[in-house]
Every structure is written in C-alpha cells, then in structure tokens.
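Here are the chains, one letter per residue:
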Amino acid sequence: MEKHKNGFPVTHVLGFIMSLVLTFGALGVALKTSLPFTTIIWIIGSLAIIQAALQLYMFMHMNEGEDGTANTINVISGFLVAVVAVAGSIWVMSFGM
Amino acid sequence: MDINWHDLFIVGNPLILGSQIAILLSVIGIVALLTYLKRWKWLWREWLTTVDHKKIGIMYILAGVLMFFRGGVDGLMMKAQTSRPEMNFLDAQHYNEVFTTHGVIMILFAAMPLLIGIMNYVIPLQIGARDVAFPQLNALSFWLFFSGAMLFNISFVIGGSPDAGWAAYFPLAGKEFTPGIGNNYYAVAIQIAGIGTLISGINFIVTILKMRAKGMTLMKMPMFTWTSFIASVIIVSAFPIFTVALALMTLDRIFGTHFFTLSGGGMDMMWVNLFWLWGHPEVYIVVLPAFGMFSEVIATFSRKMLFGYKSMVFSVVGIALLSMLVWVHHFFTMGAGPAVNSVFSITTMMIAIPTGVKMFNWLFTMRKGRIEFSTAMLWALAFIPCFLIGGITGVMLAMSAADYQYHNTLFLVAHFHYTLIPGVVFAVFAGLYYWWPKMFGHMLNEKLGKIHFWLFTIGFNVTFMPMFFLGLDGAVRRSYTYSAESGFAPLFLVSAIGAVILALGFATFCYNIYWSARYADRNISNDPWNARTLEWATASPAPFYNFAKVPEVKTLDAFWYMKKHNEGLTLSDDEIKEIHMPSNSGLPFYMGIIFGITGFLLVFEWKLAALVAAVGIIIGLIIRSFDYNDGFHVTVDEIKETEKSWRSSDGKGVKNHVG
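Top line first, the protein sequences correspond to chains G and U.
So the first sequence is numbered by my numbering: it starts at 2 and just counts up by one.
So the second sequence is numbered by my numbering: it starts at 9 and just counts up by one.
Since the hints were derived computationally from the structure, they do not count as laboratory data.
You may find that some hints are simply not true.
[As the list claims (entries may be wrong)] Computed spacing ranges between beta-carbons, pair by pair:
| hint | chain 1 | residue 1 | chain 2 | residue 2 | range |
| --- | --- | --- | --- | --- | --- |
| 1 | G | 49 | U | 573 | 55 to 61 Å |
| 2 | U | 357 | G | 79 | 25 to 31 Å |
| 3 | U | 341 | G | 39 | 52 to 58 Å |
| 4 | G | 39 | U | 393 | 52 to 58 Å |
| 5 | U | 222 | G | 55 | 35 to 41 Å |
| 6 | U | 266 | G | 55 | 39 to 45 Å |
| 7 | U | 619 | G | 37 | 28 to 34 Å |
| 8 | G | 28 | U | 563 | 43 to 49 Å |
| 9 | U | 619 | G | 56 | 46 to 52 Å |
| 10 | G | 44 | U | 341 | 57 to 63 Å |
[To be verified] Here are some, though not all, of the chain G residues that point toward chain U, as calculated from beta-carbon distances under 7 Å:
| hint | residue |
| --- | --- |
| 11 | 61 |
| 12 | 84 |
| 13 | 85 |
| 14 | 90 |
| 15 | 96 |
| 16 | 97 |
[Stated by the list, open to error] To give a feel for the contact side, a few chain G residues facing chain U, derived at Cβ under 10 Å:
| hint | residue |
| --- | --- |
| 17 | 66 |
| 18 | 73 |
| 19 | 76 |
| 20 | 78 |
| 21 | 79 |
| 22 | 81 |
| 23 | 86 |
| 24 | 93 |
| 25 | 94 |
Quick caveat: nothing in here was measured; it's all calculated off a predicted structure.
A virtual CB, placed ideally from N, CA and C, is assigned to each residue, including glycine.
One chain only, chain U, in its complex shape (with noise of 0.2 Å):
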C-alpha cells in the first residue's frame, strides 16, 4: 500500500485553495463555538443521537439546504464560466468536475434531503402517529445519508472530483479513461447515501401502511401521504438496480473487473441502461412528493378540498408505473431500433396524461376557491406554468427521432432544470413556507418570503428560458467554452445574470431564516394558516411524542372536519395515558462515521485498510443485534404539563390562527 500524498490534497488552485482555508476556519469555528457555548453534551443528547423522526426531518432539511448551496454555487461557477465566449475562469478539467457535482449533488444530496426531510416531518404527524415505524432505521438513514454526502462533498480538496458527468457514463468513468481516484468517490459516496435512502423508502412505506390513525382508511390519507407513499414504493423498486449497478462500477474501478470496460467483453452501454433503470424512476421519488405538498398547500389556500382526490390517487399510480417504462428515452441515440425506440416514446409521452390529470385538478380546486396569495401560495401558483414549460418541452424529447436533433445540447439541459426546479425546487419552498410554523413554533416572514419568491422565479426564468433557444441554436451541454463567432454570447449572458437574480432569491430566503429566527412572533396558533389535515391539531413545534391523544379520523382533511363540528379538539385530563416512547441511541452516528471511513479508504483503493474498517460496520450490526431496549413511558404528569402550556386555558381547544 503506497500512499501519494501528493495525489490527496489537490493543490494549485486558487479557488480550491480558498475553499480548503474556508473549510478549515468553519471547522476550527464551530469546534470552538460549540466549546465556548459548552452545547457538546447538549449536541449529542438532542441531536446526534436523536431518534425523533422530527429533529431527523429538520437535520434532512439542515443537509439539503446546505447542499443546495454548494449546488448553487457549482451552477455559479459554470455560469461564470460561459458568460463570455472563451472565458478563462474555470479550465475544460475543473468545468467537467463542477458539472459533474453540480448534478450529483443538487439530485441526490439536496433534492433527496429536502423532500424526505419534509416527509420525516410530516408523514408522522399527518397520520396520527407518533413515530416512523422504526425509529432508529430512520436516524441509521440520516447518518448514511449525511456520511455518503460529506464523502462526495470532501472529494474536491482531497483526491479531486468525479469529472465524468452526473451520470458517469462508461467507458469514460472507466478506468481506461478516467485513471484517478475521482470517479471512486462517486461509486462510493453515492452507495452508502443509497442504502440510507432505500431504508428511508422501507421505512415510509411500513409506517404509512401501518400505523396510521384510527379511522384513517388508505382513500382517506392526505395527498402528501399518497405521493411519499408511493415515491417510497419506487424507492424500493428502483435503488437496488442503482445499488447493483454502482457496486459492478467500484468492482470494475478498483478490483479490475470487466462489466462496462470496452476491454475484456464489457458492456459500456449496459451502464448506461442500468443507470437510467434507476435514473428515470428517480425523477419521479422526487417529483411526487412535491405534487403532494402543492395538492396541500392549493387546498389550504384555496379553502377547499382537493378537487378530484380520487383521479389523483389513481393518476398518482399511474405515474409510478409508467415511471418505470420509460428509461430508453435517455439515451435514444444509442439507436436501438426503430421497435425500442417507438416503445419507449409512447411509454414517454403516455406519462404526460397522468400529470395532464393532477395539472387540471389543481387548477379546478382553485376554481371558486377563496384564494390567499401567502408566499407558499404563491410558489405552488408559478409552478403549474413553469412546470408546464418544462412538461411539453419534455413530449417534444419524447418523440425519439426527434430527440436526435435535441441530444446533448442546452434544450435538454433547460427542459429537465425546468421540471425539477419548479417541480421540486418551488415545492420545497412551498413546503417550507407552509410547515415552518409547525417544526420551529414561528412563521418565516411573508414580505421576505414575497422578495425571495419573486427574485428566485425571475431569476430562474432568466437563466434557463435562453437556454431552449442557445440549443435549439446548437450549443451543446457541458461545453467548457464557445467561440465569438458562435453568436451565442448575448444568450448566455442573459443566462449568466439569471442565475445572479437567482442566487440572490436564495440568499433572501437564508436571511429569512436568520430574520425570522430572531424576530419573528412566537406567540401563534398551533394552526396557523388554518390548515385541513392532522399535523395541525398538535402543537407548534409539535411536542415529542406528537399526540396527547391520537385523534380518530372521519372523513379526508381530518382536521378541517374536526375544527368544524368541534369534535376531538379538547383534551381531558383523564384521556392523558402514558406513552410509550424509543430511547435515543448513538448506534446510527457510530455506523455513518464508519460507513464514511470505510468508504473513504475504499476510495483510495486502500483495500486492505478498507477490510479492516469494514468489521467495525459488523460490530455495529452486531452490538444492535444485541440491543434490548424496549424504549421508555413518558408519564401523564409531563404530558399535562406540556399540553397545558400551549392549549389555551378557557377548554375551547385550539386558539385562533393568525391573519
């Protein structure tokens, strides 16, 4: 084993070596901040080694948001990069490498945190329940998710990234032709993410299944529970094919196998397929259960019900069934045949009437409705036009022969940057814009809200809609540079200062973070915008066991039933009983760290090492095979207590919302 300590800090650069100094100072900063303020203690009892699928949700949504931000500044950068014709900002290598984990990270690192932070949140307190079904899976998914992520994200000071586009096409992630150990990081990183997502997906749907409250039958579950429901089927359809796949990509990069390598009888294009097995359902894990925070944020502020639940549901099916169909349409010009390739453009465009269904029923439920233009309103407002806009643009690349005029060139890039940022980027927004009240007890301010939603969807318009056109021209994605005489420098410049509005959206939301934090009202309602489903009946944060009392559900929108016939919103002492609650553990912390060292020298192709790490991934299986706590009663007296300090005194039940 020789270790290259010259390959392991990439030096030479001067915006990697500012980013090296950055990380440390943050590092050495918050190390000290946490000493100074003495919260370590405090750092590993509420957070580390929490099982509360609540603080999961918010430290998913922590991750995501700061994933997002290192995204944005990879889109920066290559912004930068093409404002003007031969730019000499970033070189063809650093370009490839930031693409590449511009696209890995903003899917799988940011999307994915968000949204199944959100569900963690949500799902729970939208059934009735008091927890996921297996707490402790659920903070194991967390720490493979954050281990995996921090893995990629160390990749570009230490060893150098993945430069082989976000979907490592072989043969050029190959070994042949990408020698060094960044496309390692990839095989690596992503895997252990993906066992945390396939627990998550495991998790989701025994919860959703099984513990629901009484009286909630499966056509009585809120939208948002459908759709995470069935994104956690396709979850579990989808990622083992990924799974598979990236482990033959670490088998063929490190220990010399032949699966994708042109040498040897490999089949290059085989990954190719396997990837998009997984990649096209996986537009569809993130894009469904953002169709359901819009379905709820419509029919809050709307002040109606969803119109057509049932076409909903149904259509909401169809779209994970057809989401597995379709996957050839990535890669048409591998020119398969005129069979394969009518196929799988029918399968394509057949996708469009479901979604065509879920489009027509959120606008019918606005029909009449009394709308309120609050900001996470307004998000789900601007997303069923610039959605549409990325929706036909996608059934124009659906007809295969055509697709070979619009392959590989900015078209696709700004059709898919116009489904998923509206699709899940907005909704994230919207979520939340609407679920903060109920996980930090204040509202993120509307007027900032109203600054950030307007520079972010102008912002997003600017930089993307020239980019039909600069394809349709014939630039071509992932390009470094292009010359004056291209005559796309006017675009790409409208392009560039898009992307600036944009970045300035996103710092208008973290200040509303920071704003609201700190100023922001703490004296709400535990149901603020006067909402219809069950996570608005318990408290603002909700408290750690979710339900003094789990309420029984009659009809869809519990809640909005409840507050209109007064049924079930007070709480007598003798209903209080003991609950029974899981014990915290360091066991999910202890297996991502290990997971990450394991990862990390499987990287360096130190397998040995990497054989040694490993068994501390089976002594945590085997310390947890050996782990009888049975969790522990919270008594009535602290129930009382809790309830008492946020039902109002004079026994009317919840207090009135605001605005």
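With the rest of the complex left out, here is chain G (with noise of 0.2 Å):
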C-alpha cells in the first residue's frame, strides 16, 4: 500500500515490461528460430516459469501484507509439493531414466 504514495508505480511497469520481453521472447524462439523441438519446449517453459514467479511477485502482492510471508512461504511449499510429486513419479516410474 505504502508504495502508491510514491506516485510512480515503478515495480508495475517494470513488471510489465519484464513479461512482455518474455512473452515476445517465447513467441520468437518459437516460431523465429530452428531449435530442435524439446528445446524450444525446455526454453518456452522456463520462461513461462519465470514469468508466473514475476507476475505473483510484482501483480498479485504475494508478499505484502500481514499475510505476505505466509503466502510466500504457502506458494513455495506448494511449488515444492507438486515438484516432488510430479518429477518424482516420473522420474521413479521411468526407472531413473
């Protein structure tokens, strides 16, 4: 709340302007380059990662508030979880492949 008194809404545009570059730097490595196809996969879904992880940081204020730390802490966590889950079975069920 305190950061509207500034005026400017610096972290917003910068936010902003950080995921049109990755979006428009997803769209280009797809359609603009000749990688091979899991590589443009692994490219287009880091930056998408990164992406989500900006938005909920600069647009959805998941650390501020009284609840900040806990949302930060809860999102992590849940990040974790479904890490485990999901690479660990596919890794476990592929035998380690």
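Once you've looked at the hints, go ahead and assemble the two chains, each given alone in its own frame, into the complex.
This is how it looks when you write it as structure tokens:
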C-alpha cells in the first residue's frame, strides 16, 4: 500500500515490461528459430515459469500485507510438493531414465 | 440396478455370525439404554451437535479406543491362526481380509483419531485459545471420519471386507483380480474419512498460526503444539495425493477406467507410487504429534525445561521435509534402478539424523532432572529403547540392496510395529494418562496404570521380537499358514503368547477407565502433575469457554513461569468480560450421515441411487452457506459462577497439586 504514495508505480511498469519481454522472447524462440523441438519446449517452459513467479511477485502482491511471508511460504511449499509428486513420480516410474 | 441380496449379508462363517449377533444386540442395548435413561435429547444437544473442540476431542478418542479394540481383535485372530503350523482357525481368504482391515483400521481409524482427538482437546488449551479456528468445520471433520470408519467397519458383515492388504496394491486390488465389492469399501470409506482429516489439518494450521495467546511467539509454543502444527502441514501436503489416488481407484473399480489396470494401458505400479507418496508422510503425521506428547511428558516429570528446544523444532521441520522424499523405500524391489534406489536409500537414512537429535534431547532433558515415575513417564521411558530398535532396523531396511532380502518378510513387519507401537501407541497412552485429569476431572488409577504398562510393554516385546528372527529365517508376511518342517513353530507360538499378554494389558486399560470413572478422587486440582504449559492453568475439566481470562505468555513453559512468579494465577471480578462462543449445529452430523449413505450406495455400485444421495451433500452445503448464526455470548455472571466453583476461596490462585 505504501508504495502507491510514491506516485509512480515502478514495480508495476517494470513487471509489465519484463512480462512483455518474456512473452515475446518465448514467441520469438518458438517462431523465429530453428532449434530442435525439445529445446524449444524447455526454453518456453522455463520462460513461462519465470513469468509466473514474476507476476505473483509484482502484480499479485504475494509478499505484501500482513500475510506476506505466509503467502510466500505457501506458494513455495505448494510448488515443492507439486515438483516432488510430479517430477518424482515421473523419475521413479521411468526407472531413473 | 439388480440387488443381489445373497452378496449383501455374509453368511456361513460362525465367527462372522457371532459378530453379527453381537452387533445387533449392542445396537438394541444402546438404543434401549438411551430410551430408558431418557438421554436422547442429551445425546443430541451435548454430543452429536457439539462444536466444542474438547467434546469433539473426547469423541475422537472414544472412537479411536473402539477402533483400537477392533484392530486388536484382528491382530489376535492372526496370532491365533499362526500360533501353530497348519492351523485351521481362519481360512486363507478370511486371513487376507483380517490383515487388510487390521492395517487400515490401526493406522487410519485408531492411530489417527486418537492423535487428532488429543490434539483437539489439548492444542487450543495449550495456546490459550477458546476453540479452534473453525469450530463447525471441526465437527464436520469428526463426523466425516466417523462416517468413513463405520462404513469401513460394516464391511465384514455386509458385503465382505477388502482383502488386498492395507496398501491395496494393484493389479490385485483391481476389478480383474478382486471382483467382489470388498475393495470398494477401501476406496470409498477411506476417501470419506480422508476428507475429514484434510479439513482437520487446515483447521489446526489456522488455529495455531492465528489464535495463540498474546505473547506466545512461534518459538514460545509448547513442543506438542509445534509437532502438531508440522503434522498438520504434512497432512495438507500429502493427503490430497491420496485423495486423487483413491478417486482413480474408485473410477477403476466402479466406473471401468484403466488407470492402474494391466489391460488398457494402465500402470499398476503408479498406484504403489502414489500410495506411498502419501503413505510415508502419513507415518510422520502419526509419529510427530506423538513425539510432541513425549516431549511434554518428559519435561513435566523431569521437572526441567525441554533440552534443546530450538534443535527440537528444527529437527521436526527437517523430518517433515525429508518425509516427502523417501517414499520409494517402500518398493525398492520394483527395481527402479541403482540411481533411484540409491537416492532414496540416502534420504531414508538421513531421517535418522533429526530423529537422533530428538532422542538425545529427551535423554538430556532427563539428565539431572528429578524424575517422577508416573505411569505417563513410564510410557515415555519405555518408548526410547523400543523405538530405537524400530529405528535401527529401519536403517537396515533403508539399504536398498539389503532390502531385497528383508522385503516381504516378518522382519519388516516387526520393524514397523517397533516404530508404530512405541512411537504412537505408547505416546497415546502416555498422553491419555497425562491429560486424563484435564479431560475428565479425575486421574486414571496409577496402580492399574502400572499393571497396564508392564503387561503391555512386555507383551509387545514378546510379540514382535520373535518376528525379527522369524523374518530373518525367511518367514514371509501375510501368509496364513506354514508347515511344521519350516521350524518356525516355536517362535510363532512365543509371539502368539505375547499377543495375549498385550491384550491383557489393553484390557487392564479399559478396566482402568471404568474403575477411575466410578471411584477415582474428584477432588484434584487444576494442575495435578505440577505441569508447565497453559492447559493446566484452567479448571479440570476445562470449562466450555476454556479461559475466563486469556493468559499472557512471557516465556516458554508459560504456566511454569506464572507459578514461579505468581503472576496471572488469580482472577478478579472486573477482569471478567463477556465471551463470544460458537453455537451448536446439527449440520456436521447430517453431513456425516449423508456421506455415509452415499458411500454405502457407491460401494455396492448402485450408481443412480448414489447420485441421488449425493444431492443430499449439495443440500447440506447450500444450507451451510445460508447459515448466518454468529454464535452467542456467555454472560459475566455465568463465568463468575463457573470460575468460583474451582478457584480456591482464599484468592491464592491454583490449589496445590496432589502427590
């Protein structure tokens, strides 16, 4: 809330620009390069995750307010559980390949 | 929809016929007794519709003790069957059903409610709150658990019990190999109880984070509150995985999908993977609150502050993290390859580190303490060596190469009984002896308690110690019989004798409950053990509003500090203010019943009828969303009256403790 008093919403504009860069970056990699298919998927997947984190942080006010720390911990722990369950299962069920 | 009445009631087995008659007679007996004593209204008003965390806790404990009895009888039947080679007490099918229900009931319907029950009673009192964060949701948790437990329990008289082991591995648990409806009970009943547990987990997280008394920072919370909090976090992390796995199982069994089947591109081992992704954290869900109880009991009866509080907290958090990363050790023999098995071997062994830290903390808490050998303390003392045996054999099993030898033998069975019985059952007994005066206003008899303790610990060791050696000799688990030539007979017989001693111990406990309820001294203080935490600052049993004035916390072991500095023990009339409390509600009870009916119909695969019953669930949700009842206020006069009845008249605060 206090950041609004400064007049100019720096984080919002910065977040907006970075979101645009990441989106067009992904678009560029997908359309304008001739990389192998798997590489493209990996790159745009990573860009998507970075952008999701960025938006949670800059637009969704994840770490602001009285529950800021709790929200951050929740998102991180939720993410960890999801990674363990999904990536872990894939790794185990493909017999470590 | 064709109803096959032949399948509905299990006939032709004298043991089951006996149970059917016993169930019928006890239902008639209970109904008759309630009618005779004109207690129906009382039952409805005081118990079935209550949202009081203390009463819900007591109902959980009652249900847990009943289920412990049921699971115990299953265990005794198995021990009777294997007491001699080629016994003909149970046939193979019946034995399969008995070990399946024994496992499910002991973990999900005995250990869980006993722990959640004690958490329910103690946590709000320990943090100086007047109830949990969502009282009505708490009641819903209980009734869903109870509904699931009852649904699971009727399986052996109506329709047949699940018989594919407590982990219900596919493909055996699928329709192809187990066509009866028994395993539908598994899928549906656990699902219903699981929703209740998940709601409890959320409720406790919010309660502990948001409702602590003034001044109680996270690092000033009692250890039991800490471990229960972390256990709740694990519940919220792990139970949804089981919810999904059970839902997929239900779809496979009832609606003909192929998630885990052999045909149609299913992946049977995926069930095993998902089951243990939940199943291993579940082990820590039950053992962490138990560790917390031991911490409270050991600190109280050593007359010392818990040694290494911070390291205790960090090791609990560490155990919680690691608990999510070890699940593959339950199926090393799937053969996922050296990389996978090595990683999970190492994570499994790493759990021994924080657990070891806790062990040493307990030992150092006792060092130079003035130890009082009360019954509760005896359980805590016996826990340490017994659990150590369980832990060390656990490290043996954690070596994946060696596990190929131990796998599926009684060695493993002995190992997990050596962790779960000292880790959970001893803790529950310690907790019950310790908190019984707070719950009921009288203590459990110490002499009977010590008989209970010795019978139970000796019986436990005599039962399970031989199973290590049987396992090393090659006796497999879940086998209903063995030949005389195998040479297993003497150890099996010893184990069976141990089980009888164990059962005598439990019987002594039940007799102790009865004896103490009738004859125990009611004239005890609010703090009979000279304890350290806030639950002892209020009356025994605690008044329904818990605290007339919420205490202010300055240090760890807040009540101890209050006693030593004589602060905040008294209550003057002008400090009393009106207290806002939640109103009772019949809705959770209704939801339990309607979930039970829907589940029952789903078990029998009467899909249309189940769908109609499910409308009842939606109606319950709609009624709840239009419920604007904001609770009621307890008047100052009523509080004064209640407080006067237990506080000593000379204004010196709490009375002296007994003994």
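Hints and how they fare:
Look at residue 49 (chain G) against residue 573 (chain U): about 58 Å separates their beta carbons, and that is inside 55 to 61 Å. For residue 357 (chain U) and residue 79 (chain G), the Cβ-Cβ distance of about 28 Å falls inside the hinted range of 25 to 31 Å, so the restraint holds. A beta carbon spacing of about 33 Å between residue 341 (chain U) and residue 39 (chain G) contradicts the range 52 to 58 Å that was offered as a hint. Evaluation of the 52 to 58 Å hint for residue 39 (chain G) and residue 393 (chain U) yields a pass: the beta carbon distance comes to about 55 Å.
The beta-carbon spacing between residue 222 (chain U) and residue 55 (chain G), approximately 38 Å, falls within the hinted interval of 35 to 41 Å. A beta carbon spacing of about 40 Å between residue 266 (chain U) and residue 55 (chain G) agrees with the range 39 to 45 Å that was offered as a hint. Under the hint 28 to 34 Å, the C-beta atoms of residue 619 (chain U) and residue 37 (chain G), about 49 Å apart, miss the expected range. For the pair residue 28 (chain G) and residue 563 (chain U), the supplied restraint of 43 to 49 Å is violated, since their beta-carbon distance comes to about 59 Å.
Between residue 619 (chain U) and residue 56 (chain G) the beta carbon distance is about 40 Å. The supplied range of 46 to 52 Å is therefore violated. Checked against the hint of 57 to 63 Å, the pair residue 44 (chain G) and residue 341 (chain U) fails, with Cβ atoms roughly 39 Å apart. Nearest Cβ of chain U to the Cβ of residue 61 (chain G): about 21 Å, over the 7 Å cut. The hint is violated. With 7 Å as the threshold, the beta carbon of residue 84 (chain G) stays out of range of chain U, its nearest partner Cβ sitting at about 10 Å, so the hint is violated.
Taking 7 Å as the C-beta cut-off, the interface hint given for residue 85 (chain G) holds, the closest approach to chain U being about 5 Å. Hint status for residue 90 (chain G): holds, given a least beta-carbon distance of 5 Å to chain U, under 7 Å. Taking 7 Å as the C-beta cut-off, the interface hint given for residue 96 (chain G) holds, the closest approach to chain U being about 5 Å. The interface hint given for residue 97 (chain G) holds, since its Cβ lies 4 Å from the closest Cβ of chain U, which is under the 7 Å cut-off.
Checking residue 66 (chain G) against chain U by beta carbon gives a least distance of about 15 Å; that is not within 10 Å, so the hint is violated. For residue 73 (chain G), the interface hint is violated, the least distance from its beta-carbon to any beta-carbon of chain U being 14 Å, above 10 Å. A hinted interface residue such as residue 76 (chain G) counts as satisfied when its beta carbon comes closer than 10 Å to some beta carbon of chain U; here the least separation is about 13 Å, so the hint is violated. For residue 78 (chain G), the shortest C-beta to C-beta distance to chain U is roughly 7 Å, which falls under 10 Å, so the interface hint holds.
Proximity of residue 79 (chain G) to chain U holds as hinted, the smallest CB-CB distance being about 8 Å (cut-off 10 Å). With a cut of 10 Å, the hint placing residue 81 (chain G) at the interface with chain U holds, because the nearest CB-to-CB distance is about 8 Å. The restraint placing residue 86 (chain G) at the interface with chain U holds, with a minimum CB-CB distance near 6 Å, inside the 10 Å limit. Checking residue 93 (chain G) against chain U by beta carbon gives a least distance of about 5 Å; that is within 10 Å, so the hint holds.
Given the 10 Å rule on beta carbons, the hint for residue 94 (chain G) holds: about 6 Å separates it from the nearest Cβ of chain U.
Hint compliance for this structure: hints 3, 7, 8, 9, 10, 11, 12, 17, 18 and 19 are not met, and every other hint is.
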